Each structure stands twice: as structure tokens, then as C-alpha cells.
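With the hints as your guide, set chain B onto chain A.
If you read the sequences in order, they're chains A and B.
Heads up: the first sequence begins at 1 in our numbering, then just goes up one per residue.
Heads up: the second sequence begins at 202 in our numbering, then just goes up one per residue.
Please note that the accuracy of each hint is not assured.
If you want the footprint, here are the derived chain A segments under chain B, 3+ residues with CB under 8 Å [as the list claims (entries may be wrong)]:
1. 47 to 54
2. 59 to 73
3. 133 to 145
To be clear, the hints were calculated from the coordinates, so they are not data collected in a lab.
These figures come from a predicted structure and were not determined experimentally.
Glycine included, each C-beta is placed from N, C-alpha and C at the ideal position.
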Amino acid sequence: MEQRVKASVGGAAAALDCDAELMLRVKDGDSPSFALLLEKHRSPVMHFLCRMVQDYAVSEELAQEVFLRVYRSRQSYEPTARFTTWLFRIATHLALNWLRDGKHERGQERLDDTSGTLPGRQVCDWRPSIEQRLVYEARLEEVRQAVAGLPAKQRAAVLMHKYEEMEYTQIARVLGCSESAVKSLLFRAYETLRARLAHMA
Amino acid sequence: MRCPIETQATSEVLLAYCARRLDPGTAAVLEAHLTSCPACREFARGQRTVWEALDAWEAMPVPPGFDRSLYRRIEEEARVPWWQRAWRPVGPALVHRGLPVAAAACLLVVAGALLETPRRAAPPESTAVRVESVQPDQVERTLEDMELLANFNQEVRTQAPPSNSM
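Chain A with its partners taken away, still in its complex shape:
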């Protein structure tokens, strides 16, 4: 199996990608390998989509669609890139399509809902007082709005760079553009965020 990965990918980094190895096992009909991939990547994918579309229910639906597509494509899978690159390409594609189709406008009400009714919101453990919680919620809302105001591709680049800690090359492969284009996207996006969040300093 490892030989197959090395032979297919060529690059040293990709050859060490154990996720690609697991995916090749899924291709061979090994269901527990799919469970391992799901266990490892469901949170990053869900978090990325949640920040991307800013709607909890939609991000869950899209994340399920991502893994469903991964499972569907198991027979045609070839480890030509890192598994996470492929995974996030699917996730980004779905999120961008959802944003492009304007479906987010219907979900705006849920996006603006900061009442903390969504399941398991981690902000609950953070608040020592009502005032601090309100300040935190207000700041968080500003951050969310600032990120939501970015063009979709810039938003995806920032989220992958900041939260998934991806390298420029990997982001470029996910977005299907050059590395220099990614640097330019990120630079513009961070500059926009700096202007919008300057008052928080």
C-alpha cells in the first residue's frame, strides 16, 4: 500500500500522507479505514464550513456531503495530492457553490442569532460574568461580520491559513490557483480585516 502511495504521489510530503494510505484502503473495501478518516477530519471540515457559511445546520449538511462524496469517489481515488488538499477542495467547492447560489440569505436569521441556543457552544465555559459575556459576544459578532464581508475566495484562504494552518502551496491547490495568487488573496484579506477590526486594538 505504501509503495502505491509513493509511486502515485512522487513528492516526499505526499508519500508520508497516511490519510492517502487510509483512503487507498477504503478503495480496497476497508470500511474501518473510512471510519478513521472520518474521526480524524470531521471536526476540521465542520469547523471550516461553519466559519465559511456561518450557519451551523448548513455546515453540518455540507460536511456530511463532503464525506459522502469522499466515500462515493473511493473507487476512482488516486493519491495525486495530499488527502487533506482533496478533502478541503471538496469542502471549499461546496461552500463556494452554496454562497454563490445565494442560499445564505435565507439563513441570515440563524447567523445573527447569538442567543447561544446552538448545541454545545463553547463560549459558555468562557464567561465569568454577564458583562464580559456580552462584550465577548459583541466582539465575536464583529469578527464574524468582518470575515463574512470578505469575498468568498479570500474568506476560504484566510480560514485555511489561520485555522487549518495550511501552507500557501496547499491552499493554492485547494483553490485551484497559483501560490502567488494565494499570497495576494491573503494579503488583501488580512489588510481588509485589519481595517475593519482596527478599533479592537
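Just chain B, lined up with the frame of chain A:
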């Protein structure tokens, strides 16, 4: 060190520094530069603010029934006939891209029909249409002309000398 602000190509160094992804050696050189460059210092300060603001945005946990729901969808999909599964990836693309193609084809057909119409032989005009096209004043003028001609002929005949008979 060349100022990262002045050289667009190295502006990523500042971003990497703010993201705490710069190697310690380069970070030390940049920090030395920041002490003497107000523009870079301001940029770095602003980016740190952004970074800290983004840090506060915690992700929400994955819902508890996520895996169960996914596996149920996978099982449901396994029960779908093969031809429906084969249609799924191409179906939406055909619907989305097929409609403009169909519209373009309809336009071509309509345009072709419109272009073809003038080439057909025009039907012969009916007599009634021609009669209707003659105006009353034209008829009047013609009658006047005929009357004038008749009068002229009569005058010519009366003024003509009688023929010599041997």
C-alpha cells in the same frame, strides 16, 4: 533587512511573523527591523490585532449524531439503483448547462425561419387590390384627357380641307 512594506514580494514575511510561523532566526531579524521602521511596526501591530480577534472565534463542536446520520445516508445511497447513481453527477450539470444550450438552439431555429421567409415567392396580387390602388382623381384626369382628345379630333376633322375629286 530590506523593508517588507517597501517590497511587495516579502510582505508575506510580516504575515508569517504575525501568524507566528516565521523561523526564529528570521523573526529576530524582523524584530530588529521593527524597532527602526514605524510602517512595519504599525502593520505588525494591526495584524496582531486581527490575529487575536480571529483567535477568539472558537469553532462549534460537531453535532453528536453526525456519524450516524452520515452512515445512514451511505446506506440509503447503496440501495439506490446503479443508473440513478450514475445520473447523479451528470444530471445537475446537464440541467444547468443544458438549458442555455436548448435556448440557444431554439433561437437559432427561430432566426433561421425568419431569414428563410423573404426568400419565398411572393403571391400574385389580386385584381381587386390593383383596382383599389387606383385613385379617383386619376380616373377623373384620364376621363378629362379622353374628352380633350375627342374634342381635338373633332376640331381637326372640321377644319380639314375637303379632298379634291377628279
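Hints and how they fare:
{"no.": "1", "hint": "47 to 54", "in the structure": "holds (count 3)"}
{"no.": "2", "hint": "59 to 73", "in the structure": "holds (count 7)"}
{"no.": "3", "hint": "133 to 145", "in the structure": "holds (count 6)"}
In summary, the structure agrees with every hint in the numbered list given earlier.
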